[in-house]
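Quick mapping for you: the protein sequence lines, in order, are chains A and B.
Those letters in the first sequence? Residues 1 to 250, per the numbering used here, in order.
Those letters in the second sequence? Residues 251 to 514, per the numbering used here, in order.
These are calculated hints, taken from the structure and not from any lab test.
Be aware that one or more of the hints could be misleading.
If you want the ones that stay clear, here's a sample from chain A, every Cβ over 10 Å from chain B, calculated [to be verified]: (1) His24; (2) Lys54; (3) Asp63; (4) Asp73; (5) Gly78; (6) Ile89; (7) Phe91; (8) Pro111; (9) Arg161; (10) Leu190; (11) Arg218; (12) Asn227; (13) Ser239; (14) Pro242; (15) Gln245.
Okay, derived cross-link-like pairs now, SDA-like style, lysine to any residue, Cα gap no bigger than 20 Å in a straight line [stated by the list, open to error]: (16) Lys268/B to Gln94/A; (17) Lys479/B to Gln94/A; (18) Lys80/A to Tyr396/B; (19) Lys395/B to Gly36/A; (20) Lys395/B to Gln94/A.
Predicted model only: the values in this text are computed from it and were never measured.
C-beta: ideal position from N, C-alpha, C; glycine also.
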Amino acid sequence: MNSEKNKKPVLELKNLHKSFGDNHVLKGFNLKLFEGENLVIMGKSGSGKSVMVKCLVGLIQPDKGSITINDEDIITLGHKELDILRTEIGFLFQGSALYDSMTVRENLEFPLRRHKDKIENFQGTEILVKEALENVGLSNAIDLMPAELSGGMQRRVALARALILKPKIIMYDEPTTGLDPITAKEIILLMRNIQKKYHTSSLIITHDVDCARVISNRMILLVDGINYAEGSFEELSNSSDPQVQAFFKN
Amino acid sequence: MIFQLLMDKTSTILTRTKSFFAEIGDMTLFAGRFFREVFSPPFEFTELLRQCYNMGNRSLLLVGVTGFILGLVFTLQSRPTLMQFGAQSWMASMVSLSIVREIGPVIIALICAGRIGSGIGAELGSMRVTEQIDAMEVSGTNPFKYLVITRIVATTLMLPLLIIMGDTIALLGSAIVENLKGDVSFLLYFNQVFDALRFSDILPATVKSVFFGFAIGLVGCYKGYNCSKGTVGVGEASNSAVVYISMLLFVIDFIAVFVTDIFF
């Protein structure tokens with residue numbers, strides 16, 4: 001972490017504010033994600049983790065603050081520029097968000113249809129789809145519909161879809177929510193392997209302590225819309241602060 | 251006590267009226283966005299064709315059966331009355347004019363509001379609550395173009411075709427009754443039909459059906475696209491889509507009849 005001072009962040013959030021009516025969800029949240037890092041954001045349900053990550057990909061407009069990804073302020077970007085920038089970001093949704101009217105193959109091909117240049121840079125669509133499915137160990141599910149897959153398999157396919165454009169940053173919104181402990185562990189290991197293979201920077205939103213323990217290089221606790229505490233898993237889990245301890249006690 | 255109750259009722263009515271007009275305003279903005287984006291690339295032709303197939307081809311049986319029964323029942327019900335006045339020879343003219351100008355488009359549009367409008371509302375609503383629309387946006391595809399524009403264009407194109415087909419089948423149903431009950435040959439029946447129908451009958455009905463199709467697509471997409479409140483919201487989106495479309499169809503029909511009356 002000492003080298004952080006010399007590193008340039010791939011993603012930076014400064015003083016982020018977001019309210020829904022009288023409900024002030026984010027009250028000046030700050031974040032820096034460095035290259036190759038796995039940063040875990042932990043917080044209670046309803047603490048604004050998902051709102052924050054949706055602000056990061058331009059799905060929600062923040063009220064105040066700046067969001068910089070690869071030196072570009074995404075709040076000021078137009079639709080076209082934002083779409084280009086989004087090819088550098090993979091997003092794993094909480095409920096997988098697979099298109100249920102499409103097969104697994106079509107789900108994976110979908111992000112490629114607007115980014116033909118990416119296909120030319122790499123290989124053909126078919127090869128990319130097969131490679132992404134092999135990465136998550138689901139090569140034989142290529143022609144199945146999402147409804148025919150288990151929850152864990154759906155999450156893997158969603159991960160494959162998030163990876164298909166070979167993004168530099170991957171955002172995981174509650175990657176293990178709704179999964180049994182064994183499948184959750186498989187997904188966590190898969191995330192770690194992918195990070196090692198593609199040297200991606202990962203932002204993981206979770207309240208799963210096991211997930212944080214295995215995958216995090218650094219953690220931020222989001223409480224009441226601000227960074228309440230920051231540090232490695234060991235530092236935070238050994239903290240004497242009762243609010244921090246509350247996250248780690250079962 | 252009574253005064254308080256009256257105040258509460260008035261307040262509820264005012265709130266509901268306000269939210270109704272707010273929704274109409276939102277829907278108008280949604281329609282405005284449709285017109286802004288429909289002519290700008292990228293165009294989703296493959297998805298448009300898929301939607302045309304889904305909405306057109308898959309509605310054929312329902313529209314066909316409805317049209318056939320409509321023509322059959324309408325003729326059976328009208329026959330005794332016309333016979334009372336010795337006017338059964340007017341049957342073909344009366345049925346064809348009624349079906350082509352009014353009953354056919356309205357009934358088939360209402361049937362399609364139930365089948366297509368609620369389907370769009372439920373499908374887009376469920377995509378919204380399961381974050382599929384967000385996933386589309388994150389992957390660099392404009393979900394409004396991919397989901398909304400294709401569906402509205404598909405309903406606008408398909409509904410006139412379905413109505414023309416439904417009207418034709420309704421006339422066939424009517425011809426069968428006339429053939430069986432009144433010994434009128436098919437050739438004579440359809441000769442009378444084509445003698446009765448004018449360009450001024452077919453054109454306004456066809457133009458009206460284009461607006462019906464647009465209304466079905468627009469309201470279905472608006473309700474589904476802006477769905478919230480989880481699975482309950484999906485049901486509400488589907489249900490209120492049908493209610494709003496049905497109301498809108500009658501309003502459009504009234505305006506169409508009014509305008510037709512002025513120009514034809």
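Can you name, in rising order, the numbers of the hints this structure does not satisfy? 2, 6, 7, 8, 9, 16, 19 and 20
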